[in-house]
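> Listed here are the chains, written in short residue letters.
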Amino acid sequence: MSLAPILRKIFFVDLLKGLSVTFQYQDPKEIYTEQYPLERPAIAGRYRGLPRLNVNPDTRETLCIACDLCALACPEHLIVVKSERNAATKRKEVIAWAIDVSRCMFCGLCEDACPTDCLELSQDYEFATYSRDFILSRERLEKGSEPTVYKK
Amino acid sequence: MPEETKGNPTAPQPPAEKPAAPAAAAAPAKPAAPAKPAGPVPQPWNAPLPNSLQSRFGSAIKEASTYIGQNYLVVEREVVRDVLHILRDEHQFDYCVDLTAVHYPKKDLQFEIVWILYSFARNERMRVKTQIKDGEPAPSVVALWPAANWMERECYDMFGIVFTGHPDLRRILLPDGWNGFPLRKDYGILQQDQAWVQANLGIESGQ
Amino acid sequence: MTQPASTSPNTGDRTFLDSTEMVLNMGPQHPSTHGVLRVILKLDGEKVLGTECVIGYLHRGVEKIAENRTYAMFTPYVDRMDYVASVSNGLGYCLAIEKLLNTEAPLRAQYIRVIMTELNRLASHMVWLGTHALDIGAMTPLFYTFRDREEILKIFEKYCGARLTTHAFRIGGCIYEAYEGMEQEILKYCDFLEPKIDEYEQLLTTNRIWLERTKGVGVINGEDCIALGVTGPVLRASGVKWDLRKAQPYSSYEKFDFEIPTGPNGDTYDRYMVRIAEMRQSVRIIRQAVAGLPEGPIMAKIPKVLKPPVGEVYVSIEAPKGELGYFVVSDGTTQPYRVRVRPPSFVNLQALDKMVRGQLVADVVAVIGTLDIVLGEVDR
Amino acid sequence: MLQSFLQYLDSNVTLTPGAAGNYLWATVYVVVVIVGVSLAVLSMNWIERKALAHMQVRLGPMRVGPHGLLQPFADAIKLLVKEDIMPDGADKLVFWLAPVVIVITAWTTFLVVPFGPAHAITDMNIGVLFMLGVSSLSVLGIVMAGWASNSSYPLMGSLRSSAQMISYEVAMGLAVISAILMTGLNDTGIYFHHAVASAFPGVGTLSMIGIVQAQAEQGTWFVFKFFPFGLMAFVIFAIAMVAETNRAPFDLPEAESELVAGFHTEYSGFRWSLFMLAEYSGMLAVSSIAVTLWLGGWLRPFATWHGPRITIPHYWQGGALDFASSLLPAVVLFLLALVCFVGVVRMPKIPVFRIQMLGLAAFGGLLGFIGLVLLAPPVRDRIQDIFWFTFKLAVFMYLYIWYRATFPRYRFDQLMKVGWKVLLPVALGVLIVTAIVGVLR
Numbered sequence: 001m002s003l004a005p006i007l008r009k010i011f012f013v014d015l016l017k018g019l020s021v022t023f024q025y026q027d028p029k030e031i032y033t034e035q036y037p038l039e040r041p042a043i044a045g046r047y048r049g050l051p052r053l054n055v056n057p058d059t060r061e062t063l064c065i066a067c068d069l070c071a072l073a074c075p076e077h078l079i080v081v082k083s084e085r086n087a088a089t090k091r092k093e094v095i096a097w098a099i100d101v102s103r104c105m106f107c108g109l110c111e112d113a114c115p116t117d118c119l120e121l122s123q124d125y126e127f128a129t130y131s132r133d134f135i136l137s138r139e140r141l142e143k144g145s146e147p148t149v150y151k152k
Numbered sequence: 001m002p003e004e005t006k007g008n009p010t011a012p013q014p015p016a017e018k019p020a021a022p023a024a025a026a027a028p029a030k031p032a033a034p035a036k037p038a039g040p041v042p043q044p045w046n047a048p049l050p051n052s053l054q055s056r057f058g059s060a061i062k063e064a065s066t067y068i069g070q071n072y073l074v075v076e077r078e079v080v081r082d083v084l085h086i087l088r089d090e091h092q093f094d095y096c097v098d099l100t101a102v103h104y105p106k107k108d109l110q111f112e113i114v115w116i117l118y119s120f121a122r123n124e125r126m127r128v129k130t131q132i133k134d135g136e137p138a139p140s141v142v143a144l145w146p147a148a149n150w151m152e153r154e155c156y157d158m159f160g161i162v163f164t165g166h167p168d169l170r171r172i173l174l175p176d177g178w179n180g181f182p183l184r185k186d187y188g189i190l191q192q193d194q195a196w197v198q199a200n201l202g203i204e205s206g207q
Numbered sequence: 001m002t003q004p005a006s007t008s009p010n011t012g013d014r015t016f017l018d019s020t021e022m023v024l025n026m027g028p029q030h031p032s033t034h035g036v037l038r039v040i041l042k043l044d045g046e047k048v049l050g051t052e053c054v055i056g057y058l059h060r061g062v063e064k065i066a067e068n069r070t071y072a073m074f075t076p077y078v079d080r081m082d083y084v085a086s087v088s089n090g091l092g093y094c095l096a097i098e099k100l101l102n103t104e105a106p107l108r109a110q111y112i113r114v115i116m117t118e119l120n121r122l123a124s125h126m127v128w129l130g131t132h133a134l135d136i137g138a139m140t141p142l143f144y145t146f147r148d149r150e151e152i153l154k155i156f157e158k159y160c161g162a163r164l165t166t167h168a169f170r171i172g173g174c175i176y177e178a179y180e181g182m183e184q185e186i187l188k189y190c191d192f193l194e195p196k197i198d199e200y201e202q203l204l205t206t207n208r209i210w211l212e213r214t215k216g217v218g219v220i221n222g223e224d225c226i227a228l229g230v231t232g233p234v235l236r237a238s239g240v241k242w243d244l245r246k247a248q249p250y251s252s253y254e255k256f257d258f259e260i261p262t263g264p265n266g267d268t269y270d271r272y273m274v275r276i277a278e279m280r281q282s283v284r285i286i287r288q289a290v291a292g293l294p295e296g297p298i299m300a301k302i303p304k305v306l307k308p309p310v311g312e313v314y315v316s317i318e319a320p321k322g323e324l325g326y327f328v329v330s331d332g333t334t335q336p337y338r339v340r341v342r343p344p345s346f347v348n349l350q351a352l353d354k355m356v357r358g359q360l361v362a363d364v365v366a367v368i369g370t371l372d373i374v375l376g377e378v379d380r
Numbered sequence: 001m002l003q004s005f006l007q008y009l010d011s012n013v014t015l016t017p018g019a020a021g022n023y024l025w026a027t028v029y030v031v032v033v034i035v036g037v038s039l040a041v042l043s044m045n046w047i048e049r050k051a052l053a054h055m056q057v058r059l060g061p062m063r064v065g066p067h068g069l070l071q072p073f074a075d076a077i078k079l080l081v082k083e084d085i086m087p088d089g090a091d092k093l094v095f096w097l098a099p100v101v102i103v104i105t106a107w108t109t110f111l112v113v114p115f116g117p118a119h120a121i122t123d124m125n126i127g128v129l130f131m132l133g134v135s136s137l138s139v140l141g142i143v144m145a146g147w148a149s150n151s152s153y154p155l156m157g158s159l160r161s162s163a164q165m166i167s168y169e170v171a172m173g174l175a176v177i178s179a180i181l182m183t184g185l186n187d188t189g190i191y192f193h194h195a196v197a198s199a200f201p202g203v204g205t206l207s208m209i210g211i212v213q214a215q216a217e218q219g220t221w222f223v224f225k226f227f228p229f230g231l232m233a234f235v236i237f238a239i240a241m242v243a244e245t246n247r248a249p250f251d252l253p254e255a256e257s258e259l260v261a262g263f264h265t266e267y268s269g270f271r272w273s274l275f276m277l278a279e280y281s282g283m284l285a286v287s288s289i290a291v292t293l294w295l296g297g298w299l300r301p302f303a304t305w306h307g308p309r310i311t312i313p314h315y316w317q318g319g320a321l322d323f324a325s326s327l328l329p330a331v332v333l334f335l336l337a338l339v340c341f342v343g344v345v346r347m348p349k350i351p352v353f354r355i356q357m358l359g360l361a362a363f364g365g366l367l368g369f370i371g372l373v374l375l376a377p378p379v380r381d382r383i384q385d386i387f388w389f390t391f392k393l394a395v396f397m398y399l400y401i402w403y404r405a406t407f408p409r410y411r412f413d414q415l416m417k418v419g420w421k422v423l424l425p426v427a428l429g430v431l432i433v434t435a436i437v438g439v440l441r
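Chains as they are written, first to last, in my numbering: chain U, 1 to 152; chain H, 1 to 207; chain Y, 1 to 380; chain W, 1 to 441.
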């Protein structure tokens, strides 16, 4: 009974067990790496990426009702909403909407707070830029995400 | 601030009206309902443990209550170390879960120090609180629970409360030369940053 | 504070070579201090005579931030303390505020919370195993565990939209309903994971080098653990069968059948075995929770603007690293008056000195790994 | 020169061991060996990263060249142009000298490595001693590096290293002695080319070439001789040599999780690359000792099946097996070329990859061309021994990578324990038993 462990030790059974694991993993099928710009990960539908302001697809009018709830919900106070009462329709209309994404932590609280379907955190995760203008305006956010296209 | 609402420092022996919840485990499993504006109020904690302490220390035990199934004692500063000692040795509260403080700048006794204790044998959790003035020292419990060492250091670091008897009371999270005690209510969240920015970068504010 | 001998200015030609003792400044930039921990070691040759931890390099003032945010706004911040187990942090905070509001999440939300938290426990233990093995010199388990953790992160991403700092739960329940096919995916993952855990064990458990490096290293007994406030797997490996999920169940943990693994000796090997066993138990809990996932609402009826009544509560949960507690004081306004976090890593790290005194430099690394600290949580 | 070169290619029988006796050939050999070792280190760099990556379910270098083939060159260029940092408190001279010492020692050992009966720079009659002695000098370089850096981590790394290398050298030396005993123990070992040895039949040899020839004469590799004692000595050597070269699981001097980078923590750029070069050269050197002493050096497996005359493999006389094995080098290269071409075909058809695809195809073509050259009968005849020697070395290199991927690292006291309490007694025992068995035979 006590011989077996000694024999196992002499014949390096414990080490060989480990060696066999690493050896078997050399099969190229096991490779888990994604070659990022060429292979892209599948982004989940609920992914919280760069914010986007949705527009009515038919009329291209913004869905934002300038309620300011997103600005109130933001823990970092990154969102600024400027609104103006339209004299004709007597409705509040958004005139400027900006977010400082450099400090955004993508918690999704603004998205939760939005009473319409306007503000949404999109699937865009590639927003590294060469400039520091991280304060995104309404125009940029309404255009939505622009997936980076690598040429050549 | 339950003490403010109660505001009865003498704390007479509360009559046993309602059997207290045995432990924190007995959380009220009520159906979800919107919290009433008044909210639950602390009930007197009537159990052998506080009763024995109260009979022993008398009015030094200012309060023994239960709030949402969680028990706590409010104790005078002078006896708190003895109370903690007795809790550890006679009532098996062998695990000092946490030690922290709360700052109430408007009160006379500005700081409320909270020891959260747990007993493995009784599977019970309780809090011991004491209130001290600004600048008053608090007794250190490192000799009772070595776990309190860093917690007291952190408490000193954040509130400036001095624990007498602590072996090595230094700042722990902040650098040694830090100005002020950040978790005091009169310490603005931006002031350190602004002072630094004004001195080093020559701009008004870093925000 | 002890200064590294080589940096003290006025010692002239006296260097550390002149004495038998030497001061080694390990960190804050060191491969195996798991972040920015700085440990000042006093050495005699390679033997450790004493340690001093210098922490705070990652201090962000989370508790101060909490006083300046509303209850709901503070939820994403707790994810950033123990960023390896952000779901657990979120769960603890949400439970604390729910307690303060004297309400409870619906049953379905509780089950979803259990599933997510246990998945997160698996992920956290995987990060621990990989980095711990890497500290001891075995490079490969890191890649296997990170590969398997990736699947968990994908489930997180599908469930709540983020991988690491998840912000998965909200006060009063969950805001995200289980996505389509989540149950099957999680069950499939459980089936996938169990052989993988065997594989990690095949690489390490019987390996003679691993045994030598971990057995009898960093021994701490149960009494010392309790005195030092050490909780979690470290406490259990010292033979104290205590798990908050059993001792004071929260979030329906009392409905699940699982065991608390313990170890006899309280050394690094036992802690390794306890965590491996805990991974298996987590899989077991996940299976039960997915099988018994009830229908119903996922959000309790709580007001839009949270104004808990005046009072204070302490609620703690069993995070992967130990007891994670939140002490919340409410003054009846929308912002917490005081939030105190009882971080398991911070308290556990205190035991480092006791565990490494008299051992070798290499053991310091092993013990830091086995304590499973996350500096984001130590420093907050 | 041309004439002597042709003569060299032409001759089958006139070759004597250590043919590089004259200065011209010695110089050519030195250049060839240094270039060869450097190339081997470069390719080892790539192979290690790739093999390690694949064991760890990663890809490894993929971007510089097809499948990262040019990565070692990119790294070399990067290291050459990197800023050369010398710590302020360092002992400048020693700091400068340490990598030089370590590289010189690592390369000097290749003086006596016999890649074939005629393919050695020189045939010293104390070849093994020379190799062991010179390779153990590298500890000097490490200690110098650690001391000169004037920093805690390098100091500890170098102290660890010196203790480790010295204690493992004992076990290593004992294992080597038991192999050397075997060269003299068998009466059949008559070494016609050694004047001294031929005068005293049954006397062993320390010459690297002589040891391989002894194995040829005795018709067995020493690893199988006196089974299991030859094997045990080999295993002891194989363990000790990993410790000797500071590789995992004995990589304490540079244990990155404890000592950051050990003795070369303060080095950067070109100096650091010299340490790496020396480490890999050292691995090759000690592996070649192991190959020479136990695995029959340049001899191919089952060479003894066709009679005793195998000192110079001769494909005409050996029959089908010999002929087939003489084709092996070319076949291996063809296979590698095939792998390249398969890679070319399987590469995603994206314009980004066009250059990489062409590069890989060209590399495959190059390999195929070398294979074709190796098919030519004179080359085929010459290259065989080198091929087998290199092949065995490659196995060892793979083992190094494999260990590194699998094992945790020993602690310092445990390392010493393994060295002194396990390896040394076993090596002593094996030595004694080998001597007894050898005399009794």
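Calculated from the structure, these hints are not laboratory results.
These figures come from a predicted structure and were not determined experimentally.
Each residue gets a CB set at the ideal place from its N, CA and C atoms; glycine is no exception.
Any given hint could be a false lead.
Unchecked claim - Below 20 Å or equal to it, Euclidean Cα-Cα: the simulated SDA-like pairs (lysine to any residue) are:
{"#": "1", "chain 1": "W", "residue 1": "Lys417", "chain 2": "U", "residue 2": "Phe12"}
{"#": "2", "chain 1": "Y", "residue 1": "Lys154", "chain 2": "U", "residue 2": "Ala44"}
{"#": "3", "chain 1": "H", "residue 1": "Lys107", "chain 2": "Y", "residue 2": "Lys354"}
{"#": "4", "chain 1": "Y", "residue 1": "Lys154", "chain 2": "U", "residue 2": "Glu34"}
{"#": "5", "chain 1": "W", "residue 1": "Lys417", "chain 2": "U", "residue 2": "Ile6"}
{"#": "6", "chain 1": "Y", "residue 1": "Lys241", "chain 2": "H", "residue 2": "Asn123"}
{"#": "7", "chain 1": "U", "residue 1": "Lys29", "chain 2": "W", "residue 2": "Val345"}
{"#": "8", "chain 1": "Y", "residue 1": "Lys354", "chain 2": "H", "residue 2": "Asn123"}
{"#": "9", "chain 1": "Y", "residue 1": "Lys154", "chain 2": "W", "residue 2": "Val345"}
{"#": "10", "chain 1": "Y", "residue 1": "Lys64", "chain 2": "H", "residue 2": "Pro167"}
Claimed, not checked - Some chain Y residues well away from chain U (every beta-carbon gap over 10 Å; in silico):
{"#": "11", "residue": "Val62"}
{"#": "12", "residue": "Glu63"}
{"#": "13", "residue": "Arg69"}
{"#": "14", "residue": "Thr75"}
{"#": "15", "residue": "Leu142"}
{"#": "16", "residue": "Tyr144"}
{"#": "17", "residue": "Glu157"}
{"#": "18", "residue": "Arg170"}
{"#": "19", "residue": "Lys241"}
{"#": "20", "residue": "Phe258"}
> Does Arg69 (chain Y) clear chain U by more than 10 Å, comparing its Cβ with all Cβ atoms of that chain?
Given a closest Cβ separation of 5 Å, the condition is violated.
> Would you say Leu142 (chain Y) is clear of chain U, with no C-beta pair closer than or equal to 10 Å?
13 Å, holds
> Quick check for students: does the CB of Lys241 (chain Y) sit more than 10 Å from each CB in chain U?
29 Å, holds
> Given the proposed pairing of Lys154 (chain Y) with Val345 (chain W), does the C-alpha separation stay at or below 20 Å?
At roughly 32 Å apart (the allowed maximum being 20 Å), Val345 (chain W) and Lys154 (chain Y) break the hint.
> Compare the distance between the alpha carbons of Lys154 (chain Y) and Ala44 (chain U) with 20 Å, and conclude whether the hinted pair is satisfied.
8 Å, holds
> Would you assess whether Glu63 (chain Y), listed as outside the interface, keeps its beta-carbon beyond 10 Å of every beta-carbon in chain U?
15 Å, holds
> Does Lys154 (chain Y) pair with Glu34 (chain U) here, judged by a C-alpha cut-off of 20 Å?
14 Å, holds
> Hint check: Lys29 (chain U) vs Val345 (chain W), CA-CA at most 20 Å. Holds or violated?
17 Å, holds
> Holds or violated: is the Cβ of Val62 (chain Y) farther than 10 Å from all Cβ atoms of chain U?
12 Å, holds
> Holds or violated: Lys241 (chain Y) with Asn123 (chain H), Cα cutoff 20 Å?
Answer holds: Lys241 (chain Y) to Asn123 (chain H) is near 12 Å, not above 20 Å.
> Classify the label on Thr75 (chain Y) as holds or violated, using whether its beta-carbon is more than 10 Å from each beta-carbon of chain U.
7 Å, violated
> When you look at the beta carbon of Tyr144 (chain Y), is every beta carbon of chain U farther off than 10 Å?
At about 8 Å from chain U, Tyr144 (chain Y) fails to clear the 10 Å cut-off, so the statement is violated.
Taken one by one, the earlier hints fail for this structure at numbers 3, 8, 9, 10, 13, 14, 16, 17, 18, listed in ascending order.
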